[in-house]
Amino acid sequence: MLFAGIDIGAATAKVVILRDGKILSYAIIPTGFDVINTANEVTRLALEKVDHSIDELEFVISTGYARSAVPFANKTLTEILCHAKGVHLLLPRARTIIDIGGQDSKVIRVGESGNVINFNMNDKCAAGTGRFFEVMAVVLGLDISEMGPIALKSSNPCQISSTCTVFAETEVVSLRAQGRSREDLISGIHKAAASRVVTMGKTVGYEKEVVLTGGVAKNMGVKKFLEDEIKMETVIPEEPQIMGALGAALFAQAELGKK
Amino acid sequence: MKTMKDLSTSLEGRVSELRELKKEGKKIVGYVPGGFMPEELVWASGAIPVGLNRGGDPSAVLKSAEYLPRFIDTFSRSQIGYWAMGEEPLYQMVDLVVVPCTDRNIGVIADGWEMWTETKVFKFGVPHNNKSDHAFKYYLDGLHLLKEALEKLTGSTITDDKLRKEIDVLNRMRLLLRQISEMRKSERPPISGKDYIKLHHASFRTDRDIMVTSLESMFQELKGNEGRKGPRILLIGSSIAEGDYKVHNILEAIGADVVIEDFSEGMRPYWQEVENNGDLVEALADGYFRKRTPPPAFFRPATEERVAFFLRLAKEFRVDGIIWYSMMYRDSYDIAGIYFRRIAEKEGLPFIKIMSDYDTAETGPLRTRIEALIESL
Amino acid sequence: MYYDELLRLCGFEPEEIEEERPRIEKAFEKLELTPEDIDRGEERVRQYFDIELNGVRKMLGLWVKCLIDLALAREERKKIIYSSFPAFTPLTNAMAMVSEDIFVAAPEIILVHTVGMIFGKLPSLLEVAEGDLLQRGLANCSLLQTMLGGITKGVIPVPDLIVPSGVLCDQAPELDELIGRIYGVPVAYLDSVVDEMGENWPQTSERRVKYLAQETNGVLAKFEEVTGYTVTEDISQEANWRYINLLLGGNQVLELVKNADPAPISYVDIGTMFRLTRFSSTTTIFGDVGGMIDLLYGELKERIGRGEGILPKGAPGVSIIMSPTEPSIVKMIEESGLVVRVDANATTEAESAPSKHKDFWERAGESFLRKGVCYCGLGFATQLKQICKEWDLDGAILNYQLSCRGFSIAPLKAKELITKELGIPVLVLECEASDIRDYSAEAMRTRVETFAEVLKAAKAAKAK
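Protein chains in written order, with my numbering: chain A, 1 to 259; chain B, 1001 to 1377; chain C, 2001 to 2464.
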């Protein structure tokens, strides 16, 4: 029997196909303007790899900000629950998840069974999200994948205080005008974003093991500054972007057990 | 200026001095300086008052997010931020914090200390209307409660003799601050806006006797001195914190300067003295509240008086333009600013309203706006 | 007419519509309510309110009547008095009691519940107040902004006297003063000081109570000067009795649904009823809601008897701090499977200690100042915890009102107290009760749905 979890985020759409509790296939594509189309496309892609089709899916759970727009989902769940579930399968000792997605970031405290105990989510603000790094990369004329490695090169990160992406952009422009080095700037950007996320999660608390998920988890600069802020090591799952989709697929599989 | 240098040297050593005094058993009383808490009472009790008045630092604002909502007045949020960062020694060494609760934003400082720290808090309620007898009574009763709290803290009695001596010293301080301020009426003010406000900030931390001596010699030093001639600004608003000198810096860089200011937090009211006879606690209530110039709260029953005071300052100090500088989310000043703009425009006084969140990104746009104001004069 | 159906949904009788038609049309024209607005209103009333219940319809109708009276007050009454949120209700009631000539209202409360809640077009008023008056993004109070918009746009009259209270906030007195200055209206300011220590809650300091009472007498003197009417103690007592009766009626409804499982009615309806009786402070409904509460009580009792509910039996119960005027927010919480049982306006047992004060205004003032939100951050946090305890809830949604300093200081501390001492999950939620331009129900959905799952799991674990 096949189960699918589909996570339609602000920046990317992810799908995980599960068989017998194991990941059979997965796919990641950018979220297009047409969400329904994106959902169909990403699911078809993952299934094609293993020669299956959508109508073979036993149960589908959608998650992510556009979860309600997936036409073939049997149920929807929030990505917070799904992230906790997905991470728990791969890293059962995880107690805190820092998820930095395209449009929002979350700090999630999980219990021994992968259940959510407490969480917080950023409010109204792109600072400390994938979007923030995208904007900054454009301002600095870099590819987003170059940002993390450069951030690690500075020993004197600039102070960037803005709580707002728009203002932070102005700030970066003016710091650049003051002649600060590219390394210091980029490092400062990472430090600011990490600090924003950590502060947001303070009311939730950080407990070992801390796992990073979401697209931004792939950025080593963010990892370093997050660790500096919380004074703990962090772990990154092999494919940090698909944790939500994996969790959703696990929930889908559990649904059948209920019946 | 020699005195200024001496003063800042003495300030640098103040923290370790306070540490020593604390070891000897002296109590340190922190307070939010807005001119509603008579330091006379604290000195007379044998404790040492220190103003908690840091500001201008974005990291304190960010830190406060763990304790307070983001849309509370920036100065108030910062106060809790400084405590939480643990880097400002004064915020860590106080035995009691007195917060004159003048509005719901400054009240947050009291609430923040109460909710999140182990430090004792005294909430000193200040009515917004100083015209009624019952408001006076409320304030006076508050002083008596504060007196009791201080006596309990230090274990010593505040006698009339001690109080009289302290009132004399602080009257002298107020008078000197006024005389130095008034020197700025001249075409070439002998002291810069930034140095002048720093005098106030120093006075919240330095021993009162040393401060008075410094002010005496500064007064002599300034006599006959001439500073720069340039566009003259009235800086008015909610809080001017220690460390928040960006408006001054921008003005100085383009040859303009603040020649007179009016702030609710971060300044010591110096336009009136305290009578030193009769019932001394009542005399303090009279000087700090009933006869306070300017009266408490910008708006509300004080509107007429505040407007008159504002125009008087503008005229006497021959200002060319007005910068209304209030903290982000200090709602009452935001609204009062709408009205004061209208008044200023009617009087033909150029006016800009600036709101600060102590964010480094503000500086660019701020400079542009201030430069545009100065160019238009 | 095009609006008859909406009015019928709002409990108007056909004869009543005929009789009131000229006033209705005049008021709607003044308020610039178009046929499209009426259609939207109809749709929203059907979508968000329990219009199967006649009590709910009547309640909506009372809001519409408040609106009509407010819009026509200049033509119909001799003097208009505004007292913005949170009005000191015993005082506004006493002023309303004096004469039919005088119209007393908290205009912004009426506007957000009608132009906003029913017609869904609050931005039309909010936007008018922006620009050279209030700036967007500075956390201004949406209630006050609505009032300023209403006056600026001319849809509600300029009053003859404004009575702002400084108990909860600074924005109300400051903005009222600004309106007073712009329009030349006298302002009788009801001052208060917020300096209580949280450990003393709900004991209110005597000097604070006395100060409010003295301020109240000052306001009444100004009222007499402006209107020529004297508010005697007898009038105040009588007004207060009527008000207390209203509150008791409301409390009975709350008591009835407190433990009903399944929950018989949405908190959208209950909350809206509460706000009508407590906050509208309007001559229209003052002391008399025409049997609406009894009607609602009877209908709910029947429904409970039939075992009907809006959610499955055993759904987790939560408190909220304030029930937003915009109904889609509470609806979204309920859609996630949570029953909203109570909000912070409920009176806890802890607060019901008898008063030591003799003077009428001191007694009235004391119960007003005791409310956590008028007390201090820690006091409010303690009250929020007390509510969870007394209502035996499964969790709490501490939705603080964006821009409201008084309401927003406590939630983080309350979260700590509730989780530590009661061991139930808490969600702190930044919210806007009426201006949903940036805070729609959708923007909060992920948080609330996750929280609902956490609660359900916690409840299931407890049951085991």
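In short, the hints are calculated from the structure, not lab data.
Since the structure is predicted, the reported quantities are computational estimates derived from the model, not experimental observations.
Where is the CB? At the ideal position from N, CA and C, for every residue including glycine.
Hints may be right or wrong, so weigh each one.
[As the list claims (entries may be wrong)] The list that follows gives simulated cross-link-like pairs (lysine to aspartate or glutamate, EDC-like), each with its CA atoms no further than 20 Å apart:
#, chain 1, residue 1, chain 2, residue 2
1, B, 1120, C, 2453
2, A, 202, C, 2416
3, B, 1002, B, 1207
4, C, 2210, B, 1133
5, C, 2210, B, 1141
6, C, 2464, A, 112
7, B, 1353, C, 2132
8, A, 75, C, 2453
9, B, 1002, B, 1226
10, B, 1137, C, 2416
11, C, 2462, A, 112
12, C, 2459, A, 207
13, C, 2456, A, 207
14, B, 1026, B, 1207
15, B, 1131, C, 2225
16, B, 1027, B, 1209
17, B, 1022, B, 1141
18, A, 231, B, 1095
19, C, 2420, A, 55
20, C, 2026, C, 2052
21, C, 2222, B, 1209
[As the list claims (entries may be wrong)] Simulated coverage check for chain B against chain C, where a stretch passes if three residues somewhere in it have a Cβ under 8 Å from a Cβ of chain C:
#, region
22, 1312 to 1325
23, 1332 to 1346
Against the structure, the hints come out as follows:
1. 1120(B) - 2453(C): Violated, at roughly 40 Å.
2. 202(A) - 2416(C): holds (12 Å)
3. 1002(B) - 1207(B): holds (19 Å)
4. 2210(C) - 1133(B): holds (12 Å)
5. 2210(C) - 1141(B): Holds: residue 2210(C) and residue 1141(B) sit about 12 Å apart, inside 20 Å.
6. 2464(C) - 112(A): holds (17 Å)
7. 1353(B) - 2132(C): Status holds; Cα separation ~12 Å.
8. 75(A) - 2453(C): Holds. Residue 75(A) to residue 2453(C) sits at ~14 Å (cutoff 20 Å).
9. 1002(B) - 1226(B): holds (15 Å)
10. 1137(B) - 2416(C): violated (37 Å)
11. 2462(C) - 112(A): holds (16 Å)
12. 2459(C) - 207(A): violated (24 Å)
13. 2456(C) - 207(A): Status violated; Cα separation ~24 Å.
14. 1026(B) - 1207(B): Status holds; Cα separation ~13 Å.
15. 1131(B) - 2225(C): holds (19 Å)
16. 1027(B) - 1209(B): With a Cα-Cα distance of about 18 Å, the restraint between residue 1027(B) and residue 1209(B) holds, given a limit of 20 Å.
17. 1022(B) - 1141(B): violated (29 Å)
18. 231(A) - 1095(B): violated (31 Å)
19. 2420(C) - 55(A): Given pair residue 2420(C), residue 55(A) is violated - Cα atoms ~48 Å apart, limit 20 Å.
20. 2026(C) - 2052(C): violated (29 Å)
21. 2222(C) - 1209(B): At roughly 48 Å apart (the allowed maximum being 20 Å), residue 1209(B) and residue 2222(C) break the hint.
22. 1312 to 1325: Coverage by chain C is violated for the region 1312 to 1325 of chain B (0 residues, Cβ < 8 Å).
23. 1332 to 1346: Held - the region 1332 to 1346 of chain B has 6 residues with a Cβ nearer than 8 Å to chain C, which meets the minimum of three.
Violated hints, in rising order: 1, 10, 12, 13, 17, 18, 19, 20, 21 and 22; the structure is consistent with all others.
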